[in-house]
Amino acid sequence: MENKSIKGWLYLLPALLFLGAFMIYPLIDVFIYSFEEGYNSASQTFYDIGGYNYSYVLHDAYFLQALKNTFILVVITVPLSTGLALLISVALSSIKPLRELFQTIYFLPYVTNTLAVGLVFMILFKKTPYSDGLVNLLIHCFGGSSVDFIDGPYWAKMFVLCFYTVWVVMPFKILILTSALAGVNPVYYQAASVDGTRRFRMFYKITLPMISPMLFYLVITGFIGAFKAYSDAVALFGTNLNAAGMNTIVGYVYDMLYRDSGGYPSYASAAAIILFVIVLTITCINLLVSKKHVHYQ
Amino acid sequence: MKITLSHLTKKFPARGRKGKAAAEVVAVNDFTFEIPDGSLVGLLGPSGCGKSTTLNLICGLQKPTEGQIFFGEEDVTTLSPQQRGVGMVFQNYALYPHLNVEQNIRFPLENLKGAEKLSKEEMRSRVEEAASLVQLDGLLERKPAELSGGQQQRVAIARALVKLPRVLLLDEPLSNLDARLRLQTREEIRRIQKKTGITTLFVTHDQDEAMSISDLIVVMQEGVVQQIGKPQEVYDDPANLFVAKFLGTPPINLFTGTVKDGALYIGEETVLQVKGVPDQPVQVGIRPEGFLVSETGTFTCALSRPEVLGRDISILASHPCSVNPNVRAIVDAESCEHLSGDTVRFLLKSQKVLLFEQTTGSRIPFESGR
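Protein chains in written order, with the working numbering: chain A, 1 to 297; chain B, 1 to 370.
Everything labelled a hint here was simulated from the structure, so no lab data went into it.
Virtual Cβ for every residue (Gly too), placed ideally from N, Cα, C.
You may find that some hints are simply not true.
To be verified - If we take Cβ atoms under 7 Å as the criterion, some of the chain B residues that face chain A in the derived model are: (1) 81; (2) 82; (3) 88; (4) 94; (5) 97; (6) 111.
Using the sequences and the hints, build the whole thing.
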């Protein structure tokens with residue numbers, strides 16, 4: 001018995017070592033940095049220990065802007081992308097001809113480079129001396145006045161960021177959901193149609209519960225992914241996100257680490273811990289809600 | 001509710017790449033039949049014979065290519081399943097795994113709308129009524145995964161019955177159960193059917209199942225109805241070789257023989273007098289219970305070994321004219337006491353001997369005389 005458990009731990013050792021070195025230790029380290037005031041990574045010194053870093057970050061206008069941006073992004077894109085992906089998957093699974101073609105088309109954004117996609121979005125939305133961007137041309141067609149989506153008002157920039165995020169995350173969701181839908185045994189639909197079930201009720205009472213584990217997985221990873229958004233914003237608005245007013249929490253952490261000659265690792269750590277707490281809370285809420293509505297078979 | 005099928009035909013389009021000629025599949029071919037009100041009918045045939053398609057046509061899940069279906073006097077051919085008022089039990093039961101037993105049974109009632117809409121109390125009492133009919137009281141809170149196969153089956157039946165259907169359809173209702181439960185459940189189906197009086201049609205490939213509980217059985221092969229009748233009649237008086245072979249356990253023994261001058265020859269021996277049959281080569285079918293062991297028997301077989309079954313003895317023998325390697329005879333235990341040596345001699349019961357045409361396999365009637 002004793003022998004066996006030693007053997008078990010030995011098998012686990014490589015994984016534990018790597019996890020410990022690259023995940024657990026940095027996590028603890030970040031936590032410690034976040035309480036060390038004025039830490040300097042070059043000289044490895046700090047002035048004092050306390051909560052000042054948190055208080056600084058929470059009073060920093062840039063951080064509050066980043067927090068607001070991230071929350072708006074999460075609240076809009078997660079439900080929207082999941083809902084749209086569900087709609088498209090249901091439509092895809094109820095058509096026969098050209099289904100594979102459509103599936104491929106919908107999957108393309110997933111394998112396209114973020115920066116290349118950002119470039120395309122520039123062409124769609126950016127106003128230059130030579131062109132107003134494709135979207136503005138369309139707005140002109142319908143009699144509206146042109147909007148600068150990249151350097152213009154806040155809501156226009158937020159719209160582009162949300163649009164972009166939804167567009168980028170949807171392929172994966174569609175892929176997962178179409179396979180989940182295909183996994184539902186058609187005999188349930190037959191049974192329901194013999195009993196005179198209307199289509200919407202069939203979807204609501206049979207399809208949704210049957211694919212609920214997959215849907216839940218997408219919502220959880222969607223939340224986490226959206227909270228960690230950064231590169232999308234960079235691709236659209238360039239590296240100086242604070243100036244554009246479109247920074248995200250991860251962007252703020254990054255800026256704090258590397259901007260302004262050496263940066264402020266203490267502030268970055270505090271911001272990272274705040275993000276961690278937010279994501280943890282949201283995930284726990286998700287798990288609690290899921291207990292009632294997700295049906296594992 | 002009387003069900004009438006009139007020239008019912010279902011063809012499935014040929015599956016194949018363009019340019020490749022592939023014949024369309026005729027799953028059900030010109031099926032005409034009237035199912036009497038309140039009867040329990042077994043649709044019987046080997047797999048792929050079109051029996052499930054027939055059930056789906058009656059249910060309304062599939063539309064016939066030709067022909068009509070009547071419930072009573074009403075033509076339901078173009079109606080959807082719910083407009084027909086059918087209850088269906090699927091082979092794997094199709095219970096919704098995320099709903100408990102009560103919610104599963106209530107599901108069809110919640111679909112009712114307009115004037116048929118039921119109040120909460122009415123639904124509750126209907127669900128309880130259906131559940132107690134199939135003896136599920138006390139299990140209403142369970143999920144399907146927490147039930148045994150037999151219990152799931154009963155939930156499926158209750159769900160089909162709760163909306164008081166005009167017709168109950170069961171697709172291979174017993175195939176997912178173990179042998180003991182199968183016996184129990186088929187009695188259960190019989191009991192529920194007699195109690196409710198709903199015209200019931202079930203599909204099976206197991207002839208024991210069909211024979212034991214049906215009022216009528218329909219034997220099908222490759223989409224064509226071979227014979228319709230009461231189980232005993234079909235067994236005793238099969239229309240053709242296929243029906244004779246398909247019904248009966250152990251299966252019928254087949255021999256090649258000839259009829260000459262009103263006598264039936266198997267090999268060199270005259271085994272039976274058959275009047276009114278023209279001289280021709282024939283296929284002879286002898287039911288296992290059609291043999292009598294006798295010293296004076298006219299039919300001689302090489303004895304392989306007796307198998308003791310308890311009440312009866314099954315004698316395994318062989319004969320050069322037998323189509324199958326073994327001849328199996330089931331006889332009384334007493335008559336085998338003087339069974340010894342390498343050969344066994346039989347007398348044949350003439351009503352258990354069936355003659356079929358050599359090529360077409362259709363039945364040749366004969367009068368026995370001795």
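Would you pick out the hints that fail for this structure and give their numbers low to high?
none
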